[in-house]
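Take these sequences, add in the hints, and give me the full structure.
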Amino acid sequence: MAKTHVTMKVNGAEVEGLVEPRTLLVHFIRENLLLTGTHIGCETTHCGACTVDLDGMSVKSCTVFAVQAEGSEITTIEGVANADGSLSALQEGFRMMHGLQCGFCTPGMILRAQRLLQENPRPSEEEIRMGISGNICRCTGYQNIVKAIQYAADKINGVEFKEAAE
Amino acid sequence: MNDLTPTREQRTAALEGMGCKRKRVEDARFTQGKGNYVDDLKLPGMLHGDFVRSPHAHARVKSINSEEALKVPGVLAVITAETLKTVNLAWMPTLAGDVQMVLADGKVLFQNQEVAFVVATDRYAADDGINKVVVEYEPLPVVIDPFKAMDKDAPVLREDLAGKTSGAHGPRKHHNHIFEWTVGDKDLTDAAFRKADVTIKEMISYHRTHPSPLETCQCVCSFDKIRGELSIWGTFQAPHVIRTVVALIAKIPEQKIHVISPDVGGGFGNKVGAYPGYICAAVASIVTGKPVKWVEDRIENLTATSFARDYHMTTEIAATKDGKVTGLRVHVLADHGAFDACADPSKWPAGFFNIVTGSYDFPTAHLSVDGIYTNKAPGGVAYRCSFRVTEAAYCIERGMDILAQKLGMDPAELRLKNFIRKEQFPYHSALGWEYDSGDYHTAMKKMMETVDYAGLRKEQAAQRAAFKRGETREIMGLGVSFFTEIVGAGPSKNCDILGIAMFDSCEIRLHPTGAGIARVGTKSTGQGHETTWAQIIATEIGIPADNIMVEEGNTDTAPYGLGTYGSRSTPVAGAAIAMASRKIKAKAQMIAAYKLEVHEDDLEWDIDGFRVKGLPEKTMSMKDICWAAYNSVPPGMEPGLEAVSYYDPPNMTYPFGAYICVMNIDVDTGVYKIRRFYALDDCGTRINPMIIEGQVHGGLTEAFAIAMGQEIRYDPEGNVVTGSFMDFFMPTAVETPHWETDFTVTPSPHHPIGAKGVGESPNVGGVPAFSNAVNDAFSFLGSTHIQMPHDYWRNWKAAKSLGVFAA
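Sequence order for the protein chains is A and B. Mapping the first sequence onto my numbering, position 104 (from 1) lands on 104, and the numbers just tick up by one. Mapping the second sequence onto my numbering, position 771 (from 1) lands on 771, and the numbers just tick up by one.
Calculated directly from the structure, the hints in this document are not laboratory data.
To spell it out: a stretch of chain A is covered by chain B in this simulated footprint if at least three of its residues, at any positions, have a beta carbon under 8 Å from a beta carbon of chain B; those stretches are:
| hint | region |
| --- | --- |
| 1 | 16–28 |
| 2 | 96–105 |
| 3 | 134–140 |
Capping the alpha-carbon separation at 30 Å, the derived lysine-lysine pairs in DSS-like fashion look like this:
| hint | chain 1 | residue 1 | chain 2 | residue 2 |
| --- | --- | --- | --- | --- |
| 4 | A | LYS9 | B | LYS34 |
| 5 | B | LYS406 | B | LYS422 |
| 6 | B | LYS42 | A | LYS9 |
| 7 | A | LYS3 | B | LYS71 |
Where a beta carbon is used, it is the ideal one built from N, C-alpha and C, also for glycine.
Take a look at the structure:
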């Protein structure tokens, strides 16, 4: 199949590649760019393991063609840490609150949460739950993911995090 | 001592040992996208394999034509059963003693069965190839309803078994019958029923569902022709077992097979079995001389690799009129699909379903299970439970509620009346188990007090009165569940897989600077073993957990283990870790005695080293002992500080718990609201409370999914109608309730650290709690039992059938 040249900015770096028109963005990210932190869990846009940030929006990269991302700016989990290499507030929150177990949904979950906190810096628990409802986690039951996001929101807002009483 | 001398509390805390909410060491890589899952692996020249699958549930395969497929750019080979026959691999043995087609051999027996394996340069080309393989089918009549599988004129499914009147587990009664398994005293039980004041009988179905971890099953196989070695990276919960299976069926010497389970994205039982994809990828690599990757997609995962449950349990309980149970009789019709590929210990065709007497002191019981073939996917894995234990717990916990209803007794009161009492442990159940420890009354009462059970019942009575007066259209249910699990398979006297006893193992090697590596025969699929195993060692030998690296999943380096499933890791491998630690500690004590110039018996252990009895200032830390082990051991002693332990558990462990679900249901819409869910778990000694709570949250969420909607359903033609996440209920953060967790601690008397398993308890106890809540809500309208799953539609139908719209 004839290939198309694409260029985009991924985690701040200009990248390019030759892809088939049908190549999914997630395959371009994983197999051409070798950024394997973005995962594939369902191929039907339900699970959110492939969530990346594309031009300021959370997208499921299993349902975007690489050619559709031409000229766009993309952030994957590999581009989430602070500039000095330390964990971002969200990454730290997931660790501190035990917001992950097998780790497979975690990159998509963190990318989605990062966009959520940009859209709504002080979300309620209900808003967090709704905000991550496009991302499935099979291990944690979400409760600690919610806490992880609250932890990160408080840290970003400079507020002391108080764990919700059980 | 001066101000800088750490206190005993500080020294203990510095170890981050057992009981501490240690943060996970795995998280650094997982939160930064640096996990190493199978599909992340990319080897030079690697090819991709993918399956042509059957659209039919039952059909004869008349022909397979690969001619056009082989013309597709990038397609290198199309493997069929005929190809596999040349290496004697068209069929493979199953863990349950049956055989299973790797690729369709003459016919197909379930929808999406593997028919041909297309090997290509990339996954897109493989898909193009699949579309060009032409398969000619002749559809055959199907068997979907398990209750019709043994009809006299039912279609013959397994022609390969023609004339075989017995299988791996005894006689077969019918051409679609696999086995009959019976346990218990039939005569005594029948007599108990004849004498009973009260009996109940109900057919309780536990529907077919699927574990569906977020990462599907996948592998990369790479055969090195020159060395004659096969390397397999795969999503395996039991890598050593896979190595042995490959050695047995592919006839490759076992030392030349390297099985590696890298990071695994959830298992829940799905990744215990051996699947056609693994065999085909291995054969393809041998044929092409290149590494071959196989990655299942979600639809394939849901429809082809290892379903769970599908048990239809006719449940009878006999009791006195004041509510004392006197007998239990259960018959199970077990739908195993097209091949008996159940992942149970070899001698247990229905797993440990004979735990079905649950937490109650039944004087007698009888159980029979008939396994049957249907035109559905093979499997029967333990989806986040020990082998068939969640089916058993559901059976007895629904049964007890139905009995309570018939007696007009409160379900909690009925349970309290029939619990095995604390002083009865170790307790011998009527169906053959020896329960190690328990304190059921304490757990149940703690649950009832915490949630104000009496208050909830009062509120329910008021709600029901208001409903009858027409003031509300909501009904309220309390779902009580008290489960006893049986985990930690298992003692070699009764547990093996393909003849290998179900021990587990640990090797610890300490380094001169007071650090070390522990290699364990289990494989974490999210449970956090790298964190918790180090905590056991920290407490046992006084080396900080941070200084212990834990490694699992590489069969070349890890001692042989039977893997992670059935909550066996802590009961079996956890014990091996403690025992290996104690071997090290014994040698360390000799070294310390030599260095301190005292007799060994004059030393006592103190947190992180030894001290001389009566001379607390005279000490030697484990860190210093590690150094000494490499330069000044006593004369005649070998240098070094390492140990291996293979632990054959003397018994299973029996975790238990008291759960309650408070639910409201709107009868006009069937929409339910989980108002409260409280889970008290007793898993004995608690290694890491943070991880335990996380496991309970996750298991409850899976229980919630299963009870309230998650189902693999077939239409009458055998088409899977719930084959993607669109139709197969996967709760998101929005539907998932808030979980309250609690605990009691009743250590296991036979486990070295007193620990029991916990990861699966919430699924085992959770499902009956949800289902009992729904059934309890409807009970005052005259309903006895409503089958799961309890989605809105079925709740609405239940309400309709009970006449609540009549007024």
